[in-house]
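Protein chains in written order, with the working numbering: chain W, 1 to 322; chain R, 1 to 322; chain A, 1 to 322.
Honestly, the hints are just simulated from the structure, not real lab data.
Be careful, since some hints might not be right.
The list cannot tell twin chains apart, which means a pair is met if one copy fits it or any two copies do.
[As the list claims (entries may be wrong)] The calculated DSS-like cross-link candidates involving lysine-lysine, where the alpha carbons are at most 30 angstroms apart (straight line), are:
| id | residue 1 | residue 2 |
| --- | --- | --- |
| 1 | K44 | K91 |
| 2 | K322 | K53 |
| 3 | K91 | K53 |
| 4 | K299 | K315 |
| 5 | K173 | K281 |
| 6 | K178 | K96 |
| 7 | K299 | K44 |
| 8 | K173 | K299 |
| 9 | K319 | K299 |
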Amino acid sequence: MLTLGSIVAQLGGELRGDPSLQVTRLAPLETAQGSELSFLSNPKYRQQLATSKAGCVIVSAAIADEAAARGAVIVADDPYLYFARLTQLWKRSRSKEDGPAIHPSAVVDPEAVVDPTARIGALCVVERGARIGANTVLKPRVMVAEDCVVGERCILHPGVVVGADGFGFAPVKGGWEKIEQLGAVRIGDDVEVGANTCIDRGALDDTVIEDGVKLDNLIQVGHNCRIGRNTAIAGCVGIAGSANIGANCTIGGAAMILGHLTLADGVNISAGSFVARSILKPGLYTGIFPIDENASWEKNAATLRQLYQLRERIKALEKSSK
Amino acid sequence: MLTLGSIVAQLGGELRGDPSLQVTRLAPLETAQGSELSFLSNPKYRQQLATSKAGCVIVSAAIADEAAARGAVIVADDPYLYFARLTQLWKRSRSKEDGPAIHPSAVVDPEAVVDPTARIGALCVVERGARIGANTVLKPRVMVAEDCVVGERCILHPGVVVGADGFGFAPVKGGWEKIEQLGAVRIGDDVEVGANTCIDRGALDDTVIEDGVKLDNLIQVGHNCRIGRNTAIAGCVGIAGSANIGANCTIGGAAMILGHLTLADGVNISAGSFVARSILKPGLYTGIFPIDENASWEKNAATLRQLYQLRERIKALEKSSK
Amino acid sequence: MLTLGSIVAQLGGELRGDPSLQVTRLAPLETAQGSELSFLSNPKYRQQLATSKAGCVIVSAAIADEAAARGAVIVADDPYLYFARLTQLWKRSRSKEDGPAIHPSAVVDPEAVVDPTARIGALCVVERGARIGANTVLKPRVMVAEDCVVGERCILHPGVVVGADGFGFAPVKGGWEKIEQLGAVRIGDDVEVGANTCIDRGALDDTVIEDGVKLDNLIQVGHNCRIGRNTAIAGCVGIAGSANIGANCTIGGAAMILGHLTLADGVNISAGSFVARSILKPGLYTGIFPIDENASWEKNAATLRQLYQLRERIKALEKSSK
C-alpha cells in the first residue's frame, strides 16, 4: 500500500492533505471510497467531484481550490498523465516475484536472440533468427516467427502472431500459386500489440511498425504495411497489404484500410469507417451508415439504391421549373 | 447408439412409433436416412417433411398427425428445445473416457484456484489469482490471466484470452503513457465464449460478463464493459471500452458498439450495424449499406456524398413551386 | 544463393544476360540493387523499369526488348506466376534443416492420424479422430479438434482453430440451451488458412472447405458453411452459419456474409461490403459507405435518415409540376 506522501515523493505534484493517508485502491470518482484515490481530468465530470467519496482526488490547478474544499487533493499539471504514471507505480508496488525470464514451457529456438532483460511468457514460440529487445515482454502464448525483430520495452499480449505469411498468391489456371513471403516484420521500441492481433511478414521487404505504435486486440496488419511512429489503432481494425500509415494517426475500432494507399501523418479515422482511398490531409474522416429503428432503415436503405435516379429527377424538376 | 424408446425415457415427449428403433445419427430433414432422427421446428420447412426419409421426426402437437402419417414421430412441446437436449444426450452417449482434469501440458499457477470438477485443456494458461468454477471447461489453448474469475458450467473455446490489458494510454508529448490495467474480468455462470475471442481486464474496476451470456468467435470486449444476463453476441463483433449492454440482447455478427454507451435490456442489433449512440428502447435496430452491383453502387455512393445538397435543392424547388 | 542460369534451368523461361550472375535477393523494382532480381507483371509499372537498378528483371515477351536494353532479363509467359514459383525456389534454397515432423511440444492424441510427411509445429493440438494429410504443415500453435480432417499440402498458420463448436443455442425460458455440435470440419487439399482464423464444426453435418481455398487471417467461418473450390477470402471476413459460397469467388477484407445464403460461382465481393441476400449471378458487388471529411459526413448521414421522406417530397413536386 502507498501513502499520499510517498506518491507525491515519487511522482511530484502538490499534495493538499494528510501525507500519511494510506491509499487502498485507485478508483473512479463515482465509486471511490474514503481510503481510495481518484482523478478528475475532464471538466465534463466536474459535477461528480462534489458527490464523490474519494479520499483524495488528482486535479489540475484550475479546480484545486474547489476540490480541496471537499478533502485531500494532489494538484498536477496534467491529471490524466499523472494518473497513468500512478497506475504504473501502483502496479510495481503490488507485483510479486516474477519467475524466470524465459518460461520453461516457451519454445525459443537456439538461433533466436532474446535480450537477457526481456521476458518470454508461458507457451510462447520464438523462431530462429528472431530478435527480442531489452525489457520487452511477451505475455503467454505469443508467436514471433523466423527473422522477425521486436524492439525494446514492447509488450505483446496473449495470442499475438508476428510474422505469419502475408496473403500472396498468383492466379494460375484453375487455382492459386503461393508467393512465399521472404520478408519479415520489424517492430520498433515502445510498441504494444493487443491480444490475438496478427502482423504479417513482408513479401520481399519487411512489414514495419515504428516506435511508439499502440495496437489494440484482434487487428490484422497485412504484409508490407508501414505504421508510423506513435500511431494508435483500436480493436478489430483491418489493414490490407502495403498500406502506408503515417505518424500520430488514430484509427477507430473496426475501421478497414484498403491496401496500397497512404494516410498522411495526423489523420484520424472514425471507428467503423472504410478507407478506400489515400488521405493526404490531416483531419477527422468518417464513413458510417447511421443506425436506426429497423423499419426506418429499411425504407431509407431501399431508397438509397435509387439515389442516383432521385438526383436525376431533381435535375429534371429544376430544369422544368426554370 | 440410442433407441427411440431410451430417448423418450430420458427426455420425455410422446413417441408414436417403434421404441426399439436404433438411431444411428441426428440429421437435417433433407439428408436424413431411415435410421436417422430429425426435427421440424419451423413451420416454414413443413414441405420437407413429406419428402424426408428420416426414420423419426421430432414435431409439435400441431402437426403430429400429419407427420405420423409418414413414419415415427416424437411429439414435443418445443421441438427445437427437445432437439437441443437430444444433441446433449447424444454427445454424452458417444463420449469416451476423458483424460485428467488438468491436462499435463497446461500451465496453471499454484496460486490459481481451479475447482476439482473443472477441466483445463492442453496448453492452457491460468495465471495466479485466477479462479475457475465448478464444471467449467477450458478447451485447449485458453488463457485466463491474473485474478480473473470464471463461474460455473462455462465453456471457453480454443484461443480465448480473458484478462489481457485494456487499451488505455494517456497522451504525452510525442507519444503515449501506458495506463496499467488494475481491474480484472468477472465471468458469471453458464457463459460460453467462442474461439479466439478476447475479453480485456478493467482499468480500475472489473469487466463483467453476467450469467448465461453467449459469445461467438473473434469478438473483442473492451475494458470495463458490462454484458447483461443471457445476452447473445455473434462472431466478429467489437465492443469498445465501458459499453454497458443490457440483458437479453442479441447482437448480430460484425456489429460494432462504440464505448461508453448503453443498450437497454432486450435490444436487438442487426448484423453489420454500427452503434454510435445509446439505445434505450427495446427493439430491432439496423444500419447497413445495401449491397448492389458495383456499377450501381458507384453511382449511388457518389450521389450520397452530395445528399445534403440534394436536400437543399429539394427545399428550393418546394419554395419556388408554392 | 542462386545464379540466373540455375533459376532458368529449374523454372524455364528465356534468359538474356549472364547466367553466372549471383542473385543475392528478390526485390521490388523500386528498391532492387545490381545483384538483385525483380519482376514486372503489371504494365502500369512500366515506367519503373527505366529507373530500376535491378540486376535482372522478369518480363513478358511484349516488353522483353525494351527491358533487355537496360540489363539482364528473364522472359516468361506469365511474369507474376514465374515470380511466384521463384519465391518458392528461393525459399527452398535458403531453408535449413527442419526439426522432427511432430514438434515434441505439440499435443497429438494417439487416436489422431497424422501422415508421416506432414509437419506439426510447436505447441499445436491435434485431437482424437483428427486426420492430417500428406505434406500438410501446421505452423506453431494451431488447433485441429476432434474428428476434423485436413487434406494434403495445406498450410495452417499460427493460432488457427479448426473445429471449435458452432454457435448454436435453442431459446429456453430465461436463457439458452446449448445445441451440441455433432458435425466436424472437412478441409480439402491445397488449402491455406491464415493466422487466428476460426472454422467451426458443423451442428449435424460437416463444415466443408473445398480444395484450393485460400483464407487470410482473422476470418470467422460459421458452422455448416461450404466454401467452394479455389475461392479466396481476405482478412477479417465473417461468414455466418450455413452460408454456401461458390467456387472461384473472391471476398474482400472485412466483408460480412450473412448465414443461410448462397453465392454463385465467380462472385466477387468488395472489401467492407455486407452481403445480406443470396447472389446468384457472377460479377462484382459492393456496399460501402464512402468515407468523407467528418463534417460533410455528418450532414450527409443526417440527411440519409430522412431519405425516404425526400423521395416522397420529390414525388409531390413531380406531381405538382405536371
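Now the hints, each set against the structure:
Taking the closest pair of Cα atoms, K44 and K91 come within 30 angstroms of each other only inside a single copy of the chain (28 angstroms); across copies the shortest separation is 55 angstroms, beyond that limit. Proximity of K322 to K53 under the C-alpha cut-off of 30 angstroms is found in neither arrangement, the shortest distances being 69 angstroms within a copy and 62 angstroms between copies. Taking identical chains as interchangeable, the C-alpha atoms of K91 and K53 lie at most 30 angstroms apart only when both belong to the same chain, with a minimum of 23 angstroms there against 53 angstroms between chains. For a Cα distance limit of 30 angstroms, the shortest separation of K299 from K315 qualifies both inside one copy, at 23 angstroms, and across copies, at 15 angstroms.
In this homomeric assembly, K173 and K281 come within 30 angstroms of each other (Cα to Cα) only across copies, at 22 angstroms, whereas the closest approach inside a single copy is 42 angstroms. Taking the closest pair of Cα atoms, K178 and K96 come within 30 angstroms of each other only across two copies (20 angstroms); inside a single copy the shortest separation is 48 angstroms, beyond that limit. In this assembly of identical chains, K299 and K44 lie within 30 angstroms of each other by CA distance solely across copies; the values are 26 angstroms between and 38 angstroms within a copy. Proximity of K173 to K299 under the C-alpha cut-off of 30 angstroms is found in neither arrangement, the shortest distances being 44 angstroms within a copy and 34 angstroms between copies.
For a Cα distance limit of 30 angstroms, the shortest separation of K319 from K299 qualifies both inside one copy, at 28 angstroms, and across copies, at 21 angstroms.
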